[in-house]
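Enquirer: The listed protein sequences correspond, in order, to chains A and B. Whatever position you read off the first sequence (first residue = 1), add 1 for this note's numbering. Whatever position you read off the second sequence (first residue = 1), add 25 for this note's numbering.
If you're looking for bench data, these hints aren't it; they were derived computationally from the structure. Any given hint could be a false lead.
A short, non-exhaustive set of chain B residues, derived as facing chain A with CB atoms under 7 Å [what the hints assert, rightly or not]:
# : residue
1 : Ile69
2 : Ile114
3 : Ser215
All values derive from a computational prediction rather than experimental measurement. Glycine included, C-beta positions come from ideal geometry on N, C-alpha and C.
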Amino acid sequence: MRKSRTLNLGTGSFVLLGFAALFFLTTQTTSHGLAVFGPAHYQVIAKFDNVGDLKVGAPVSMSGVEVGRVTKIDFDSNEYKAVVLLRLNERFNKIPTDSDASIYTQGLLGGKFIGLTAGGADTYLKDGSQIDFTQSAFVLENLIGQVLANFTKQKADEQAPARADPKATEKTK
Amino acid sequence: MIGELWESFTDALEGLGSVVHFLFRLVGNTPRVLLRFSLISQQIFNSGALSLIIIMLSGLFVGMVLGLQGFQLLQRFGSEEALGTAATIGLVKELGPVVTALLFAGRAGTALASELGLMRATDQLSAMEMMAVDPIQRVVVPRFLGGVIAMPLLAGIFSVIGIYGAQLVGVQIMGVDSGSFWSQMRSAVSLSDVTEGIVKSFVFGVACSLIAVYQGYYATPTAEGVGRATTTTVVTSAVVILFLDYLITAAFL
Chain A
2 MRKSRTLNLG TGSFVLLGFA ALFFLTTQTT SHGLAVFGPA HYQVIAKFDN VGDLKVGAPV
62 SMSGVEVGRV TKIDFDSNEY KAVVLLRLNE RFNKIPTDSD ASIYTQGLLG GKFIGLTAGG
122 ADTYLKDGSQ IDFTQSAFVL ENLIGQVLAN FTKQKADEQA PARADPKATE KTK
Chain B
26 MIGELWESFT DALEGLGSVV HFLFRLVGNT PRVLLRFSLI SQQIFNSGAL SLIIIMLSGL
86 FVGMVLGLQG FQLLQRFGSE EALGTAATIG LVKELGPVVT ALLFAGRAGT ALASELGLMR
146 ATDQLSAMEM MAVDPIQRVV VPRFLGGVIA MPLLAGIFSV IGIYGAQLVG VQIMGVDSGS
206 FWSQMRSAVS LSDVTEGIVK SFVFGVACSL IAVYQGYYAT PTAEGVGRAT TTTVVTSAVV
266 ILFLDYLITA AFL
């Protein structure tokens with residue numbers, strides 16, 4: 002009797018420890034938290050021309066405070082735009098309908114997140130509404146491409162007058 | 026020459042077939058054994074609780090090495106803060122399940138195989154059959170289920186201890202910021218990473234326990250046979266674990 006008691010005690014504490022470890026892994030090492038019993042939320046959509054490398058699960062913030070997360074990114078083949086589903090915490094339910102959503106980068110090369118800037122309307126976003134004012138992600142490659150294009154154009158402009166110059170001087174003669 | 030090759034090929038196929046057949050026999054007997062849970066609980070103690078010390082110690086040192094190596098590597102790119110993410114993803118997805126399964130095969134698998142092999146060698150299994158007690162139900166299935174239940178729990182404990190080992194080296198000794206260690210980890214590790222680890226450890230648990238009880242149950246009833254069964258258990262388990270690891274990783278990509 003005594004022996005089976007210590008045995009059961011050992012098994013019980015081992016199983017408890019094991020499940021505690023699995024619980025720790027699912028809730029403490031991931032951003033998932035206890036989303037099953039998570040806070041109430043509502044979903045809004047925003048359409049962007051380009052989302053860059055925005056990922057599902059990226060934070061949505063207002064004035065730097067996290068108010069929700071990106072839950073889905075899809076492509077609208079009629080408008081050729083990216084459709085982003087945002088899940089916002091019910092606690093922040095006074096976001097004006099004319100607020101604008103932009104995609105920002107955390108740090109210089111960090112992950113992307115969505116920043117909301119409040120508008121001035123009297124009506125507020127609710128479940129299913131759409132954010133109309135959006136600004137696409139800042140894509141570094143496009144910027145580099147633009148800089149390079151400008152640079153080569155400038156070079157070509159500098160060379161062109163130089164080649165044209167002798168003729169011009171001849172004409173004046 | 027070709028005849029020999031063909032023979033060894035058919036032998037291997039036959040072995041695989043009899044393992045699968047044995048697995049179905051075990052699963053078929055599972056519902057009846059579940060009613061006598063005390064038998065299983067005793068085996069969870071034997072395979073799980075008794076492996077706890079070696080799992081926890083190995084987890085701590087694996088985590089500490091990850092912390093040290095990860096810090097050295099990430100420092101070159103000036104992103105030491107990603108240490109938490111790197112160590113956690115490495116532990117939860119790969120090292121936790123695989124190293125735990127290898128240790129489990131060495132600690133619990135060999136114990137199962139030699140125990141069952143000795144029972145076979147000393148005719149205890151035949152004696153049970155004489156008393157109309159089904160040795161599969163009374164002896165083999167509880168050991169198999171005990172291993173299957175214990176393995177994911179052990180892998181979870183291994184990963185958690187490992188994360189704290191990495192934290193110990195990274196944050197306490199090397200001076201990575203504790204806040205960014207945990208917050209970067211939380212934003213980068215997703216639930217599917219953890220699920221992958223749990224699925225892996227469960228599959229490894231089934232594979233290790235099955236190989237161990239199969240080798241023990243069908244061991245040649247001699248001293249040499251029991252020894253060979255134990256060796257085969259460890260070797261086969263190690264290869265099968267790494268093979269399954271590749272398959273599951275590919276499936277989750």
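Enquirer: Now, for every hint given, state plainly whether the structure supports it.
Expert: Hint check results:
1. Ile69: This interface hint holds because 5 Å falls under the 7 Å limit.
2. Ile114: With a minimum Cβ separation of about 9 Å from chain A (threshold 7 Å), the hint on Ile114 (chain B) is violated.
3. Ser215: 6 Å, holds
Checked against the numbered hints given earlier, this structure breaks only hint 2.
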